[in-house]
Amino acid sequence: MSEAAPPTLIRQLRNTPMRDLVRGRVTGRLDVKRRIATSELPEPVKSLIQRIVRISRLWKLEKLDIADDLIAHFRDGLESGATPAELINSFGDERRAAKLIRRAKKRNRPLPWHILRAFVWILVALVALYLGLAAYFFAGRPTPTINYVDQLNEKTKRASPEQLAWPLYQKVIAQLSGTEPNHREMIVYPGGEPDLIDQTPSGPRWPELVAYLDAHSDVLKLIRQAAAKPVLGFNLATGDWPKGLPGPLPPRSVRPSDKIPPLIFVLLPHLNEMRTIARLAAADARLARERGDAHQFMRDCTAINGISDQLRADFLVTNLVSLGIREVLLNEVESAVTEKPEQLSDTNLQQLAHRLSVPQTAADLISFDGERLMLHDSIQRMYTDDGKGDGRITPEGIEYLTWASSIWNGEHPDAMVALSGPAALVAGASRREMRAEADHMMDVADAQLNQPIRESKASPVEQQLLEWSHSPTDRLKYALLLTLMPRVDSTRFISDRYLGHRDGVITGIALELYRRHSGRYPDTLQQLTPTLLPSVPVDRITGDPVRYRLINGRPIVYSVGADRDDDGGRPAIDRQGNPNPAQWAQPTSGNPDGDWILYPQSATPTQASTTRGK
Amino acid sequence: MRIERELMRGAGPVAVMRLLSGGEKYGYELVELLAQHSDGVLAMGQSTLYPLLYNLQAKGLIAARLDKDKGSRPRRYYRLTDKGRRQLARNQKQWEALSVAMGKLGLIGG
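Residue numbers (our numbering), protein chains in the order written: chain A, 84 to 697; chain B, 33 to 142.
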């Protein structure tokens, strides 16, 4: 069909602007081809204009503008006497003209179009970047090379068989397991009564416990032998994820049977057994005290101390069990000094005081070494290794992390890995960054263990973790540390609470020794130094010397407590009426009124009622 | 004499704006005036002129109007805007300074 012929309705509709259609008019005024065809210009000129307009690939309205300009231009040229050939020749390169016209016309487009265009280009660039990153991300594979489980077992490997306690403990466990009741049943006693193993001479099942201990004197002898060994010798090993345990399945890329076993799969089945063994030794110490057998009591105390020392290694949880066993010992010693001190000689008391006084700070009780190695092992399983200490996060790494932080309940997060992984390459920390930050955080945590809580109330580690958790970018960047860093503040709190109680018991021993030699208790604790105490212990909440007074002729050693106010040894009771002794918070109305009784803690309730009565 | 593209890229827009400072003009008229006033030195192919006009329009230095009254056929007239006038004044000073500098270097004049 000729372009000059009257257009069909469809063609007219196609070339009518929307605003005309809205007004009910079918103008067909955007029909550029027809506009050129009806221009009455020579055919070669029409063709030239047609080609330029077509090549320009602009909007219809823009094409119409160009067509109008060029039609007018060539008409003016022809009217001035030039021939079509001269005009075509002087016009220049038509392709270049179309290209330049297109570029210039696009610059004239409205601002929203430019914004949209920029947005589209950015989107395209981002998609291209994402696809590139995705390819790079999915090509990465971790190559763990260091066996950290072996490193933790090194001490056991280096020790001679005679130095190892675990073979003896295994015999103990085997012998206790085959008897009635077995040692596991002894620690579960229904009805709200203390477990059989924790019975005291005034308890209803004390005779039962005495009979059990008498029947197992050979086992207790074995325990004492084992506790005297310098090395525990429990060989750490990985195990299968316990069946039926709630939580996500372990990552497919990490298996307990890996050639380099994952530290996160190390099982610690010995901890419960060791705690029970220590409690059994404590029960025997109580029996020895009841029978007036100081020698046996001292041997049992030595055994409990030895068990605690053997466990002070590996992971934080192991250290906390070790500390729990120290508390068992502390309670037994305190009961001995407060209830039947005459059974223990001066030498006995001095030996106990010396033994208890060994740990000075939380660092002597707790170590984060296992947690540091856990972080190192996690990093080598999450990142590629360029051989120079650096690398990038891998799909296996994301899977490992999500598993460790239990985000996806029991599902393999393939889809999430696919989407979030490449982003983690950009937003996440590199292997070098992660390792440096992990070591820095662990260094700070270790340093914190040497510092009393009162000197830095909030741990920089906890503060840093809190800051990261509030930042969307840092939460992703340091997700590993947010997941696996140990809780420093609560660990220090537990340690300082023990050390405070320990200071009280040592002071109590010194007071008992003073009473024996002077016939009465001293007026001040200063009178105990330096003969019986190197110095008066420091109140762990205030940094001042601990307080001391006699109530009903019995000594009491205490800290002024969280309210930093001397309440004369009246124990702090919280709003619920429970003893709430050790708090380090700044004095506010929320802090419990009253003191933190350091010695004797077992007599605290009685004294509390006495003091209140006064 | 034909001016190289790079030089023309700087001189062309200024020349067109200078011509438009005397009043509005249409495309072919500009082509002819450029050729006449510069003895053909600044004559530019129409393939260059129209993109140049559209660019100046995009920058707001010139404005266009479609005149359908004169004769039977439409023609687009271009005129200098206030912004274009200020830009021309600045460019004129720069060209003068450039001309003096070139003169001192012995590239222009005696």
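Just so you know, these hints were derived from the structure itself, not from any lab. Please note that the accuracy of each hint is not assured.
[Said to hold, decoys possible] Here are the computed distance ranges between Cβ atoms for each label pair:
1) K100/B to R137/A: 42 to 52 Å
2) V210/A to Q124/B: 42 to 52 Å
3) K125/B to I198/A: 28 to 38 Å
4) A67/B to A168/A: 15 to 25 Å
[Said to hold, decoys possible] Covered stretches of chain B, going by a simulated chain A footprint (3 or more residues, C-beta under 8 Å):
5) 76-82
6) 109-123
Beta carbons: idealized from backbone N, C-alpha and C, even for Gly.
Hint check results:
1. A hinted range of 42 to 52 Å is violated for the C-beta pair K100/B and R137/A, which are about 25 Å apart.
2. Look at V210/A against Q124/B: about 48 Å separates their beta carbons, and that is inside 42 to 52 Å.
3. For the pair K125/B and I198/A, the beta carbons lie near 35 Å from each other, so the given range of 28 to 38 Å is met.
4. The beta-carbon spacing between A67/B and A168/A, approximately 18 Å, falls within the hinted interval of 15 to 25 Å.
5. Here's how the region 76-82 of chain B fares: 5 of its residues keep a CB closer than 8 Å to some CB of chain A, so the rule of at least three is met and the hint holds.
6. Counting residues of the region 109-123 of chain B whose beta carbon lies closer than 8 Å to any beta carbon of chain A gives 0, which falls below the threshold of three, so the coverage claim is violated.
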